[in-house]
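Please model the complete structure; the sequences and the hints are all you need to start from.
Number of protein chains: 2
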Amino acid sequence: MIGIDQYLEEKKALVNRALMECLPDSGPQEIREAMIYSLEAGGKRLRPILTLAVAETLGKKDDQVLDVACALELVHTYSLIHDDLPAMDDSDMRRGKPTCHRVYGDAIAVLAGDALLTLAFEVVARYGLKSGQFKKAILISSELSKAAGVKGMIGGQVLDLKAEGRELSLLEIENISIMKTGALLKASVMCGAIAAGAGKKERASLERYASNIGTAFQIIDDILDVESSAEELGKPTGSDRKRFMPTFAAVLGIEEARIKAENLCNEAIMAIQDLGRPVEILNGLAKKLVFRTK
Amino acid sequence: MIGIDQYLEEKKALVNRALMECLPDSGPQEIREAMIYSLEAGGKRLRPILTLAVAETLGKKDDQVLDVACALELVHTYSLIHDDLPAMDDSDMRRGKPTCHRVYGDAIAVLAGDALLTLAFEVVARYGLKSGQFKKAILISSELSKAAGVKGMIGGQVLDLKAEGRELSLLEIENISIMKTGALLKASVMCGAIAAGAGKKERASLERYASNIGTAFQIIDDILDVESSAEELGKPTGSDRKRFMPTFAAVLGIEEARIKAENLCNEAIMAIQDLGRPVEILNGLAKKLVFRTK
Numbered sequence: 000m001i002g003i004d005q006y007l008e009e010k011k012a013l014v015n016r017a018l019m020e021c022l023p024d025s026g027p028q029e030i031r032e033a034m035i036y037s038l039e040a041g042g043k044r045l046r047p048i049l050t051l052a053v054a055e056t057l058g059k060k061d062d063q064v065l066d067v068a069c070a071l072e073l074v075h076t077y078s079l080i081h082d083d084l085p086a087m088d089d090s091d092m093r094r095g096k097p098t099c100h101r102v103y104g105d106a107i108a109v110l111a112g113d114a115l116l117t118l119a120f121e122v123v124a125r126y127g128l129k130s131g132q133f134k135k136a137i138l139i140s141s142e143l144s145k146a147a148g149v150k151g152m153i154g155g156q157v158l159d160l161k162a163e164g165r166e167l168s169l170l171e172i173e174n175i176s177i178m179k180t181g182a183l184l185k186a187s188v189m190c191g192a193i194a195a196g197a198g199k200k201e202r203a204s205l206e207r208y209a210s211n212i213g214t215a216f217q218i219i220d221d222i223l224d225v226e227s228s229a230e231e232l233g234k235p236t237g238s239d240r241k242r243f244m245p246t247f248a249a250v251l252g253i254e255e256a257r258i259k260a261e262n263l264c265n266e267a268i269m270a271i272q273d274l275g276r277p278v279e280i281l282n283g284l285a286k287k288l289v290f291r292t293k
Numbered sequence: 000m001i002g003i004d005q006y007l008e009e010k011k012a013l014v015n016r017a018l019m020e021c022l023p024d025s026g027p028q029e030i031r032e033a034m035i036y037s038l039e040a041g042g043k044r045l046r047p048i049l050t051l052a053v054a055e056t057l058g059k060k061d062d063q064v065l066d067v068a069c070a071l072e073l074v075h076t077y078s079l080i081h082d083d084l085p086a087m088d089d090s091d092m093r094r095g096k097p098t099c100h101r102v103y104g105d106a107i108a109v110l111a112g113d114a115l116l117t118l119a120f121e122v123v124a125r126y127g128l129k130s131g132q133f134k135k136a137i138l139i140s141s142e143l144s145k146a147a148g149v150k151g152m153i154g155g156q157v158l159d160l161k162a163e164g165r166e167l168s169l170l171e172i173e174n175i176s177i178m179k180t181g182a183l184l185k186a187s188v189m190c191g192a193i194a195a196g197a198g199k200k201e202r203a204s205l206e207r208y209a210s211n212i213g214t215a216f217q218i219i220d221d222i223l224d225v226e227s228s229a230e231e232l233g234k235p236t237g238s239d240r241k242r243f244m245p246t247f248a249a250v251l252g253i254e255e256a257r258i259k260a261e262n263l264c265n266e267a268i269m270a271i272q273d274l275g276r277p278v279e280i281l282n283g284l285a286k287k288l289v290f291r292t293k
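In order, the protein sequences belong to chains A and P.
With numbering that gives the first Met the number 0, the residue at position 39 of the first sequence is 38, and numbering never jumps.
With numbering that gives the first Met the number 0, the residue at position 86 of the second sequence is 85, and numbering never jumps.
Hint data in this document are derived by calculation from the structure and do not stem from the laboratory.
Just to be clear, a hint being listed does not mean it is correct.
[What the hints assert, rightly or not] Below 30 Å or equal to it, Euclidean Cα-Cα: the simulated BS3-like pairs (lysine-lysine) are:
no., chain 1, residue 1, chain 2, residue 2
1, P, Lys-134, A, Lys-60
2, A, Lys-129, P, Lys-200
3, P, Lys-59, P, Lys-43
4, A, Lys-129, P, Lys-150
5, P, Lys-287, P, Lys-150
6, P, Lys-11, P, Lys-259
7, A, Lys-129, A, Lys-287
8, P, Lys-161, A, Lys-96
9, P, Lys-150, A, Lys-11
10, A, Lys-59, P, Lys-129
11, P, Lys-129, A, Lys-199
12, P, Lys-134, A, Lys-129
13, P, Lys-287, P, Lys-134
14, P, Lys-129, P, Lys-60
15, P, Lys-59, A, Lys-200
16, P, Lys-199, P, Lys-129
17, A, Lys-287, A, Lys-150
18, A, Lys-134, P, Lys-199
19, A, Lys-129, P, Lys-199
20, A, Lys-200, P, Lys-134
21, A, Lys-134, P, Lys-60
22, P, Lys-11, P, Lys-59
23, P, Lys-96, A, Lys-150
24, A, Lys-134, A, Lys-60
[Said to hold, decoys possible] Taking beta-carbon pairs under 8 Å as the criterion, some of the chain P residues facing chain A (in silico):
no., residue
25, Leu-13
26, Ile-268
27, Met-269
[Said to hold, decoys possible] To spell it out: a stretch of chain P is covered by chain A in this simulated footprint if at least three of its residues, at any positions, have a beta carbon under 8 Å from a beta carbon of chain A; those stretches are:
no., region
28, 24–31
29, 96–108
30, 112–118
31, 136–143
32, 146–160
33, 214–227
The C-beta atom is built at its ideal place from N, Cα and C for all residues, glycine as well.
Laid out in structure tokens, this is it:
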């Protein structure tokens with residue numbers, strides 16, 4: 000049994016290589032460059048690693064689900080590019096580097112986002128055609144499109160834009176977090192489960208695991224945004240607060256928010272103890288999410 | 000045998016009803032409104048009608064392919080919203096109505112486009128899950144994502160943006176047209192063919208049909224853009240010319256361009272004569288594309 004940090008490093012390297020292989024081998028140079036730029040801007044690759052970890056927990060090898068894992072990261076990266084646009088959050092920096100539209104212009108940034116979203120579904124289709132797992136591929140495509148759509152990520156971003164400068168209740172903040180961040184994190188887990196052929200009971204346990212780590216992740220993000228220095232996070236410190244953005248940290252206070260995140264982490268871990276599978280990696284991932292420092 | 004005009008009217012009404020049923024039944028109100036606004040802005044519904052017509056020619060009923068047909072229109076509508084954005088073509092009007100971003104703002108317009116693209120893949124997945132035709136659904140999802148991607152529509156839009164103010168050869172204009180417009184028209188035909196279970200030979204004939212009408216369609220669009228009045232087209236007349244946009248009409252002259260379109264139409268019709276199917280509707284659609292006045 001390797002440690003969680005080594006596990007994360009290895010999977011991240013695996014995902015990074017696979018993402019580059021997903022990219023189109025022809026088409027206009029500038030859009031492919033912008034796609035690569037944003038994909039290479041770093042990030043923890045949390046979503047694809049969750050997919051790999053769930054599939055592995057259920058007995059699948061990485062190479063059987065790597066395409067699916069990449070699709071999750073492609074959707075995540077598209078959403079960051081579009082969220083950063085001047086029309087949206089108007090962010091100049093992301094992970095310590097200028098955002099896509101600052102380097103390639105707004106038009107190419109819109110199109111690079113569109114292209115990554117489109118590519119995600121192409122990659123899922125390719126997984127189905129390569130493996131012959133047509134039904135699984137369709138279930139994954141369905142899961143991914145719902146998580147990314149109006150009832151998930153896009154809807155969450157709309158609510159987030161509307162929330163700027165307003166006071167929200169904890170319930171409203173939780174709802175935005177579930178849609179904007181939680182939906183895709185849950186899809187990452189569920190797509191791994193579908194690819195591994197999980198049964199109904201296993202899927203229910205994993206869904207509870209996913210929901211809990213999704214909200215925990217957002218709470219920790221809010222706390223880090225308040226606490227961290229600009230240098231560490233790669234974006235202006237407290238940017239959410241500057242926009243008078245209601246967050247878990249703002250409403251609960253940092254200490255209570257952290258306790259809530261730890262409780263959610265424990266609930267996530269409890270949800271999967273009855274899987275009858277080796278859950279060390281999933282336990283480790285849940286803890287890593289809550290006790291991370293960036 | 001009904002006339003082509005009546006056929007188009009009937010199918011358009013069918014597609015319009017089905018599109019409204021594709022829309023999410025929950026999620027933030029403003030994004031759903033923006034999606035409906037752009038979907039209801041009109042248009043000929045050419046792409047979904049092509050899908051229905053091809054499937055019907057190969058013996059499938061409308062209700063067996065209606066979801067697939069809608070997916071094509073959802074992708075088309077998303078591309079119009081994003082193309083109209085200030086960062087791209089910066090168009091205030093489309094089909095005689097203010098564009099999506101003029102009514103709902105740039106942020107919601109970006110997200111409404113994203114949502115329609117995402118919904119297209121959700122609708123294709125739903126087709127697969129409802130019909131149990133998993134392999135066909137995956138092939139359709141693959142076809143659609145490739146047509147919409149960097150080697151298709153998005154790549155074409157990048158080249159189109161770069162072409163502004165430059166002189167292009169006929170070959171370059173043809174290439175942009177094939178990517179930007181032709182790819183999705185071809186996908187409309189091929190998705191109908193896949194849903195209807197077309198064989199290899201049938202698919203090859205239909206692909207030739209689709210390629211020829213795709214370019215013919217673009218040529219006629221260019222001609223109409225030069226000829227029509229602002230009122231008729233619902234956008235400023237000659238807008239492509241004003242931007243010094245190289246078009247078929249500009250390079251070939253209107254008369255030669257029209258002859259080229261007619262030749263392509265004839266080639267499209269010839270391509271499907273050996274199908275051994277009743278091709279009157281597909282013949283009629285090809286002619287309608289070339290002899291339309293708007």
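Should the interface hint for P/Met-269 be scored as holding, given a Cβ-Cβ cut-off of 8 Å against chain A?
30 Å, violated
Can you tell me if the region 136–143 of chain P counts as covered by chain A, using C-beta to C-beta distances under 8 Å and a minimum of three residues?
Contact hint for the region 136–143 of chain P vs chain A: holds, 6 residues under 8 Å.
Taking only the CA atoms, is the gap from A/Lys-200 to P/Lys-134 under or equal to 30 Å?
26 Å, holds
Taking the closest Cβ pair, is P/Ile-268 under 8 Å from chain A?
31 Å, violated
Checking one constraint from the list: CA of A/Lys-59 to CA of P/Lys-129, max 30 Å. Satisfied?
28 Å, holds
Closer than 8 Å between Cβ atoms is the bar; does P/Leu-13 clear it against chain A? Give me holds or violated.
24 Å, violated
Tell me if the straight-line CA distance from A/Lys-134 to A/Lys-60 falls inside 30 Å.
19 Å, holds
Verdict on chain A covering the region 214–227 of chain P, criterion of 3 CB contacts below 8 Å
violated (count 0)
Holds or violated: are the alpha carbons of A/Lys-129 and P/Lys-199 at most 30 Å from each other?
Within the cut-off at roughly 19 Å; holds.
Confirm or reject the coverage of the region 96–108 of chain P by chain A under the rule of 3 or more residues with a beta carbon closer than 8 Å to the chain's beta carbons.
Our answer is that it holds, as 5 residues pass the Cβ test (under 8 Å) against chain A, meeting three.
If you draw a straight line from the CA of P/Lys-134 to the CA of A/Lys-129, is it 30 Å or shorter?
Satisfied, since the Cα-Cα distance of roughly 12 Å is no more than 30 Å.
Compare the distance between the alpha carbons of A/Lys-129 and P/Lys-200 with 30 Å, and conclude whether the hinted pair is satisfied.
23 Å, holds
Of the hints listed earlier, those the structure fails to meet are numbers 7, 13, 15, 25, 26, 27 and 33, in rising order.
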